[in-house]
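There are 2 protein chains.
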Amino acid sequence: MPFKKILQEDISFFHSISGNNVLTDKEQLERCASDETEDLHFLPEIVLQPDTVEAVSNIMRYCNEQTIPVTARGAGTGLSGGALAIYGGVVLDMKRFNKIIKLDKRNFQVITEPGIITQELQEYVKAEGLFYPPDPASKGSCFIGGNVSENSGGPKAVKYGVVKDYVLNLEIVLANGDVMWTGANVLKNATGYNLTQLVVGSEGTLGIITKIVLRLIPAVKHDLLLLVPFRSAVQACEAVNAILLAGYTPSALEFMERDALEWSMRYVKSEGIHLPDDIEAHLLIEVDGNDMEQLYKDAEAISAIVQQYNIDEVLFADSHEQKQMLWTLRRKVGEAVKSNSIYKEEDTVVPRAELPELLQIIKRIGKEYGFQSVCYGHAGDGNLHVNIVKGKMSDEDWKLKLPQGIRVLFKEVARLGGTISGEHGIGLVQKEYMDIVFNNAQISLMKEIKRVFDPKGILNPGKIFL
Amino acid sequence: MPFKKILQEDISFFHSISGNNVLTDKEQLERCASDETEDLHFLPEIVLQPDTVEAVSNIMRYCNEQTIPVTARGAGTGLSGGALAIYGGVVLDMKRFNKIIKLDKRNFQVITEPGIITQELQEYVKAEGLFYPPDPASKGSCFIGGNVSENSGGPKAVKYGVVKDYVLNLEIVLANGDVMWTGANVLKNATGYNLTQLVVGSEGTLGIITKIVLRLIPAVKHDLLLLVPFRSAVQACEAVNAILLAGYTPSALEFMERDALEWSMRYVKSEGIHLPDDIEAHLLIEVDGNDMEQLYKDAEAISAIVQQYNIDEVLFADSHEQKQMLWTLRRKVGEAVKSNSIYKEEDTVVPRAELPELLQIIKRIGKEYGFQSVCYGHAGDGNLHVNIVKGKMSDEDWKLKLPQGIRVLFKEVARLGGTISGEHGIGLVQKEYMDIVFNNAQISLMKEIKRVFDPKGILNPGKIFL
Chain Z
211 MPFKKILQED ISFFHSISGN NVLTDKEQLE RCASDETEDL HFLPEIVLQP
261 DTVEAVSNIM RYCNEQTIPV TARGAGTGLS GGALAIYGGV VLDMKRFNKI
311 IKLDKRNFQV ITEPGIITQE LQEYVKAEGL FYPPDPASKG SCFIGGNVSE
361 NSGGPKAVKY GVVKDYVLNL EIVLANGDVM WTGANVLKNA TGYNLTQLVV
411 GSEGTLGIIT KIVLRLIPAV KHDLLLLVPF RSAVQACEAV NAILLAGYTP
461 SALEFMERDA LEWSMRYVKS EGIHLPDDIE AHLLIEVDGN DMEQLYKDAE
511 AISAIVQQYN IDEVLFADSH EQKQMLWTLR RKVGEAVKSN SIYKEEDTVV
561 PRAELPELLQ IIKRIGKEYG FQSVCYGHAG DGNLHVNIVK GKMSDEDWKL
611 KLPQGIRVLF KEVARLGGTI SGEHGIGLVQ KEYMDIVFNN AQISLMKEIK
661 RVFDPKGILN PGKIFL
Chain S
211 MPFKKILQED ISFFHSISGN NVLTDKEQLE RCASDETEDL HFLPEIVLQP
261 DTVEAVSNIM RYCNEQTIPV TARGAGTGLS GGALAIYGGV VLDMKRFNKI
311 IKLDKRNFQV ITEPGIITQE LQEYVKAEGL FYPPDPASKG SCFIGGNVSE
361 NSGGPKAVKY GVVKDYVLNL EIVLANGDVM WTGANVLKNA TGYNLTQLVV
411 GSEGTLGIIT KIVLRLIPAV KHDLLLLVPF RSAVQACEAV NAILLAGYTP
461 SALEFMERDA LEWSMRYVKS EGIHLPDDIE AHLLIEVDGN DMEQLYKDAE
511 AISAIVQQYN IDEVLFADSH EQKQMLWTLR RKVGEAVKSN SIYKEEDTVV
561 PRAELPELLQ IIKRIGKEYG FQSVCYGHAG DGNLHVNIVK GKMSDEDWKL
611 KLPQGIRVLF KEVARLGGTI SGEHGIGLVQ KEYMDIVFNN AQISLMKEIK
661 RVFDPKGILN PGKIFL
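Protein chains in written order, with my numbering: chain Z, 211 to 676; chain S, 211 to 676.
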């Protein structure tokens, strides 16, 4: 790529922009060289920390003129390498965009800057009786801006939808420094093209998000949690659909293979759950609502449905501590796997009823290509995370044979009507597989849209597209 | 616009395309010369009725080469002139795309062609225990394809969202004849740009929709309907927010000014409702769910909330006939106004809590510019239809002064954080006001996106943009 390397004069210019922090020493650059994706490492040439829209606009205008690549970065918790400056240049660290601008309680809306930790935003609106549902596993550390950029999901998506379902309007800075809103702060909008939804999930390749308007819903008062141990993992997947077909919509419907839970228990040093030898998988099922009586009824009905399968005893969690413990175990699976082995995480998603078949396909391909996998995820949405662990695989097989296996897996996912990322994004690590789900015409349409927003290609180059 | 007029050789070509009906006689062209928007009339040069994707593709490829404009048409129930061939050319009548291709009950999805009447689709999936909520007033005659093209709403949006919230994937034919899917049939998708949401609501300007994949939800068993008469229209608007702030989410929360209901009663010759002289407006409130006991509780709680305002007696409708009668009255308001006078319909939308102010603004501007208005609509979403009736206004004032009044109104809507169309689209009749809510940079970004899909500008030219 014909990008300009950053020179002393550029650094001087960045220093001259008011509302901008300029970081250049090695240690500071190192902090922005990786995210939570595998062990990837790309050192930016410079890290800028603007805290006003004007500063972002000035930075963008300059970088566009100079053809310097700009990669926006939130909290660095991404799982597809989206925040990594693979061509060097500027990392635009958005951590100082950390204000909640306005909670509009009358309209159930919040206007926020992107650099707020998702959980903090959730707690802030909850204190006012409101609810922002999307909660990725990293909610305690990720930024809402990153969530919007990747169109994140999380356990509650099965009932409440994903980030895109809550974004009403975005303020973005284009590559040329222009600042614009993508829509309006309304629940219904048939006014021109839906630029908002085009920017959601565009992984920092179309503009820099500087303000986010989210719709909220009334807070929900109660929830109950069930952990159901299955002797057959495929049956656990089948039960997911049975629950939904019976007319119940749990607020979470999570699948965990035995290893996922076992490794997580070891990782967080929990002994809270007895795990008999014959258990292959668990479903973690949450129901929520405002009427506790109704919740117990729903939980019992769901319990009756899962009893039709070959299961061990259902664990009902109704104390805060028990629920916390189970959710911690679920949320820590990713980290637990990571701590255990070199790994690669895939983010497959299929029409929900195809999950049992998907699980069997994964295991079959694993055997064929010699890899072990730990599967878990948001079964209620058909979104299964496949953590492939290196284990005893040779370095050569890991490097050469594994991508072939992943390609075969993704082709099967596509055959089932699914796609290659449900909530992590394509970023750097999945772009080589885009051709499986999109043909040339589709890819070039997307690239041309990118060019409309960013004619010189300076915004997060090398992501999504090969 | 430098479009080519259709010649005999073009007609011959259209005849040669298999799976295509070619209509050229005056009477047939007349049937496609208008929609439900005011009294607009634009005669197409030719009407084509393809019934295969291949035929659409061949038509598009030819028209693109020849620079012949193509305007897709559904059932012609649009309210912004979107289906009118204002530059002549081809009207692509999609009525023969009338098959429901697959109801995937296991995955709560339906794959349909665009030329199905929305209500028929709803009834088809309901027979299988599933629910497709978006139900515009014209649901008994409009096509699902038009709903997707305009991102339609309807009464149920307050609880269930609008069309865009149900579209998972679209098959479209581009201007050059290329056929492509915009996404995948999954509930969560973080794979490339959201082309699906870009096409939803794009009013036939980006591609021809040939297949639609909709997500469905489990059917809801029961509902209850309340009609609440308010002595103050502004208080009726205020009550909308009070209900939602109290944590209740009705499945409909509709506002009707006195005239709206009165005219509709006259239009359908109903005497079912006593309308005392001091009533200014009504709220029509529906609650739905699977537990009848809970519904009665909710209805009572909502009733208690509205009692705090200056209201007359609440009408509880729990028989099928009563509910039918009330919904018919609500759905027929538009037609009733139309039958009464020359009119113009605006489709304002604001953050919901600003409704009382919006209503007062409308009346104030009406006084200033000499027009009468009948307001009604989906108050739960902040979406208020403003039917401006010509009444005693002179032809000259109607032509010259009214657009100034509408401009002032839309500026106020924008000031309140709203926008100029909530669910009818921009089409032909609102495009002159787009500059109120979008600046040049935003408009030209949208136009450039259009150019990516349709470089020669043959798809529904003269819509959305000036």
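What the hints contain is simulated information worked out from the structure, not anything from laboratory work. All C-beta atoms, glycine included, are put in the ideal place defined by N, C-alpha and C. Honestly, I wouldn't trust all of these hints.
[Unchecked claim] So the derived list for chain Z, only partly shown, Cβ under 7 angstroms to chain S, looks like this:
| no. | residue |
| --- | --- |
| 1 | Ala400 |
| 2 | Thr401 |
| 3 | Leu408 |
[Stated by the list, open to error] To spell it out: a stretch of chain S is covered by chain Z in this simulated footprint if at least three of its residues, at any positions, have a beta carbon under 8 angstroms from a beta carbon of chain Z; those stretches are:
| no. | stretch |
| --- | --- |
| 4 | 273-287 |
| 5 | 560-574 |
| 6 | 586-595 |
| 7 | 631-638 |
[Stated by the list, open to error] Just a sample of chain S residues kept apart from chain Z, beta carbon distances all over 10 angstroms, derived:
| no. | residue |
| --- | --- |
| 8 | Gln218 |
| 9 | Ser222 |
| 10 | Glu248 |
| 11 | Glu333 |
| 12 | Asn361 |
| 13 | Gln407 |
| 14 | Glu472 |
| 15 | Gln532 |
| 16 | Glu545 |
Each hint tested on the structure:
1. Ala400: holds, 4 angstroms
2. Thr401: holds, 5 angstroms
3. Leu408: holds, 5 angstroms
4. 273-287: Check failed, 0 qualifying residues.
5. 560-574: Coverage by chain Z holds for the stretch 560-574 of chain S (5 residues, Cβ < 8 angstroms).
6. 586-595: holds (count 4)
7. 631-638: Answer holds; 6 residues pass the 8 angstroms Cβ test.
8. Gln218: Holds, because the least Cβ-Cβ distance between Gln218/S and chain Z comes to about 33 angstroms, which exceeds 10 angstroms.
9. Ser222: The claim holds: Ser222/S sits with its nearest Cβ about 29 angstroms from chain Z, beyond 10 angstroms.
10. Glu248: Non-interface label stands for Glu248/S: nearest chain Z Cβ at 17 angstroms, farther than 10 angstroms.
11. Glu333: With a cut-off of 10 angstroms, Glu333/S remains clear of chain Z, as the shortest Cβ separation is near 19 angstroms.
12. Asn361: violated, 5 angstroms
13. Gln407: Violated, because the least Cβ-Cβ distance between Gln407/S and chain Z comes to about 4 angstroms, which does not exceed 10 angstroms.
14. Glu472: holds, 26 angstroms
15. Gln532: Gln532/S clear of chain Z: closest Cβ-Cβ about 27 angstroms, beyond 10 angstroms.
16. Glu545: holds, 20 angstroms
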